[in-house]
Amino acid sequence: MDPLSLFFQLLAQAFLLALIYTLMSIGLNLVYGVMKIVNWAHGPVVMIGAYISYWLFTLYGINPYMGCLIAFLMCSLIGYAIHDLLLHPISRSPQFGASALLLTYGIGIFIVNVARVLWTDILRGVNLDQPPIKIGSISISAPYFYGGLIAVFATWLLYYYIDRTMLGKATRAVSDDKETSELLGIGTKAISRITVCVGMGLAGVTGGALSTIFAVTPELGNVLALKATTIVVVGGLGSFSGAFLGSVILAFAEVFGTYVSSPLYQPLFYLITLFVILIVKPKGLTGG
Amino acid sequence: MSGINPILIVDNLVKRFGGLYALNKVNLDVKEGEILCLIGPNGSGKTTLVNVITGVYKPSEGKIIFNGTEITGLKPNQIVKLGISRTYQIPRPFLSMTVVENVLVAALYGSKKRLSITDAKKKAEQVLEVVGYPKPKWNMPIKNESYINWKLIEIARALSTDPKLIFLDEPFAGLNPTEVDTSLEVVEKIHKELKVTIVLIEHLLRCVKKVAQRVVVLNNGIKIAEGSFEEVINNDQVKEAYLGEERAT
Amino acid sequence: MASVHRINLLKMTLIWILFGIMLALPNFSSGYVLSFFSLMFMYATLAQSWNIMSGLTGYWSNGHHAFFGIAAYTLAILIVKFNYDVTYAFLFAIFSSTVLAVIIGALLLRIRGPYFVIGTLVIAEMIKVVIISQEWLTGGGNGLLLPPRYFLFEFYYLMLTMVLLVSIAAYKIKNSKLGYAFLAIKDDEDAAEAMGINVTKYKIVAFLISGFFTGICGCMWALYVNFIDPYSAFDPTLQLIMAVSAAFGGLGTIIGPLLGTIIYVSLLELLWVSFPYFYFIILGLSLAIIIRFLPQGVLNYITTRLRVKKPEVTRNVWYKPDSNSRQLS
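Residue numbers (the working numbering), protein chains in the order written: chain A, 545 to 832; chain B, 3 to 251; chain C, 1238 to 1566.
So here's chain A without its partners, still in its complex pose (with noise of 0.2 Å):
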């Protein structure tokens, strides 16, 4: 195949995954919209909706978009006691920020090797041995295609949520002030529980989009943990521009990087990325 229908190709893939990796990277933005923290349990909750799905699929043959919805509902329900049970309690203390990092970090390595117990490390992945798409003399994975078609979806369904409904104006309006919002009457309590169900559930969405593309392992929790706190670091905390913008940063050097160079580097790019950036500007590209 011709150098520029390669370029094309991998610039598609690097597109389509930037877009899924969006979703991600929203959803934790969402939660630190509202709560001001990082919830480092994100990506564990992405494999667990990869394995709903991986599961749904070999065991009922359910589609694995279909997958995605019941991998939504599943996970907000893991959000709902990870607020309830964990973060609500201790969201009043000084240093929570820092608190709720370790917390949820804690319980990030708790699902990873509860996943290990249950599924073992074996690489599993939901193959629907779909034909690749072809849009000129460039053919793009149809996972990847699918999945970003999703990705685009939630993410609209988001932006409606947030910008047309109340309670995204109340989301809004708790990720702009929280204090003020509760003299106003906004249960700010309400709003962080469904926020990080919310946030969950896109995470377990993302997952299932993932599960077609990606090798699903315990492991993948702790990877797509790193890069989706360097998403949304690198972007912007709270930002979903930022989350985009983080997103396509990491999509590209992932899809372009191990043309270039060994895969034993690959983690240094995001990994000094993040680090650069969390030493000048913490604020991430968009912040500020």
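It is worth saying that the hints were derived from the structure and are not from the lab. Note that CB positions come from ideal geometry on N, CA and C, so glycine has one too. One or more of the hints may lead you astray.
[As the list claims (entries may be wrong)] Here are the computed distance ranges between Cβ atoms for each label pair: (1) C:G1377 to A:V767: 17 to 23 Å; (2) A:H632 to B:P143: 26 to 32 Å; (3) C:N1264 to A:H632: 34 to 40 Å; (4) B:I67 to A:V824: 53 to 59 Å; (5) A:H632 to B:K60: 53 to 59 Å; (6) B:D238 to A:V824: 46 to 52 Å; (7) C:T1250 to A:G831: 53 to 59 Å; (8) C:T1250 to B:S118: 50 to 56 Å; (9) C:S1266 to A:D665: 51 to 57 Å; (10) A:P547 to B:E63: 52 to 58 Å; (11) C:F1515 to B:P143: 37 to 43 Å; (12) B:S118 to A:D665: 17 to 23 Å; (13) A:E763 to C:W1373: 22 to 28 Å.
We have chain A; now place chains B and C onto it with these hints.
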């Protein structure tokens, strides 16, 4: 009136936050040994001025000269050692420590002298005596103390670094009238006995009237008036700043 | 007051008895018991050195295993690839972990709270990736084999000594001028700076001391296990155990990390022996549980329950909206 030399010279100080001018070409001389009151409506830049002078912020433009040395751009811990200390509007005690320890830390690290812990403790106790802090409370955890006691400790901490100049940022805010009177006495006592130059940021005009030897008024980051209390309160610009245009006339 | 005095006396006696037992242990126990205890002492040392940084200054470092690993690897590389004498390699390795600590401290100076946690985690991860990638130097994922040096016996006594040394160091620091600087930084860093404390300098000092002791552990461990690879030397489990042990016992106290390690590591060993599957699950869960339920540590919880301390001292543990205390509660 003691001392004619300015102990502190603020020269064309500008502080920008993004596009906002918190301080706009502020010029100020503080004379040695005086009590200067800095007043102005909320948001006029008083605390920002203190923050810039004490090194919390770097000025965007301008110079600050203390005792003949330029201190622009130095860090807070360096400036304290040179002889300027400050209190905070909302007290910031070290909650893990006792009352005396809170003051001790300042004595340990804030003065030019290198003290041992025992010496610093003695010094802290001396200072607590001066501000009149009740003795039985000295070794109690500070987190159980009352608000006015927290404000007293702020002053004690500022004193224990052997300062030549102290900025008191609204030391009477949040106190009831009796507490205000007590605190006023402490301020006057410090000024008389320890011979420190004091810059007092305050809203309560009766306090300003009582202690101020000179008053400087800030509004929107600009110095709009300077002089004795009487001169300043009759100034039209000052009245306008506080009361609004209509009521001033 | 009498009850406090009695408790202190009890504490002291217990400690001396325990110490005696620990000294004599190798004479009447099996290899398994000795190995268990030596590792426990190592974890206690790690917990205490982590405590010197994170407990006293309030900056939770989530990457301390980097110092452990770098020391181990520097030692191994110098011995295996450059034929250094063990003593010189040891000294150089400790030097490297201390220098790394200073560098990391300097890099992370301006970030606090959750960003600091992420920063330390990322650095540790980066170092691990670099080690794995430089196969020509480090043996990559295959690790390095060292000539045997410490046998269990020696390792046991070395680790026992280390626990004592680092605990004495922690005690001296906490009660010194430096200790006040750390505590002030923990309570309110900006106010501390306004009081004359050079927070930059002291944060780096905290890192330095902490990295130093952690590095020593790394070296001794490497010489005992004889084989190191990036997954064991930079094992995040190390970091988790040292942090949870210290936090469980009581961050910022001297006896906390020791007590916490004894209880926590014993629990983990029980778990590993009976239900190994649950080991890592519990590791993760325990961090979450500690933060949620016992942020002040178990010691503090018990002493308030027994009413040795007045209850008001730990009142309002959860709800402190205006508090500037950096403790995790």
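Here is how each hint holds up against the structure:
Checking the proposed 17 to 23 Å range against G1377 of chain C and V767 of chain A shows it holds: the Cβ atoms sit about 20 Å from each other. Taking 26 to 32 Å as the suggested C-beta distance range, the pair H632 of chain A and P143 of chain B conforms, at roughly 29 Å. For the pair N1264 of chain C and H632 of chain A, the supplied restraint of 34 to 40 Å is violated, since their beta-carbon distance comes to about 53 Å. Hint check: I67 of chain B to V824 of chain A, Cβ distance near 33 Å, so the stated range 53 to 59 Å is violated.
Taking the beta carbon of each, H632 of chain A and K60 of chain B are about 40 Å apart, not inside 53 to 59 Å as hinted. Range check, D238 of chain B to V824 of chain A: Cβ separation about 48 Å, and the 46 to 52 Å hint holds. Hint check: T1250 of chain C to G831 of chain A, Cβ distance near 57 Å, so the stated range 53 to 59 Å holds. Evaluation of the 50 to 56 Å hint for T1250 of chain C and S118 of chain B yields a failure: the beta carbon distance comes to about 32 Å.
Hint check: S1266 of chain C to D665 of chain A, Cβ distance near 36 Å, so the stated range 51 to 57 Å is violated. At roughly 54 Å, the beta carbons of P547 of chain A and E63 of chain B sit within the given window of 52 to 58 Å. The hinted window of 37 to 43 Å between F1515 of chain C and P143 of chain B holds, with their beta carbons roughly 40 Å apart. Between S118 of chain B and D665 of chain A the CB atoms are about 59 Å apart, so this pair departs from the stated range of 17 to 23 Å.
Between E763 of chain A and W1373 of chain C, the C-beta spacing of about 27 Å keeps the proposed range 22 to 28 Å intact.
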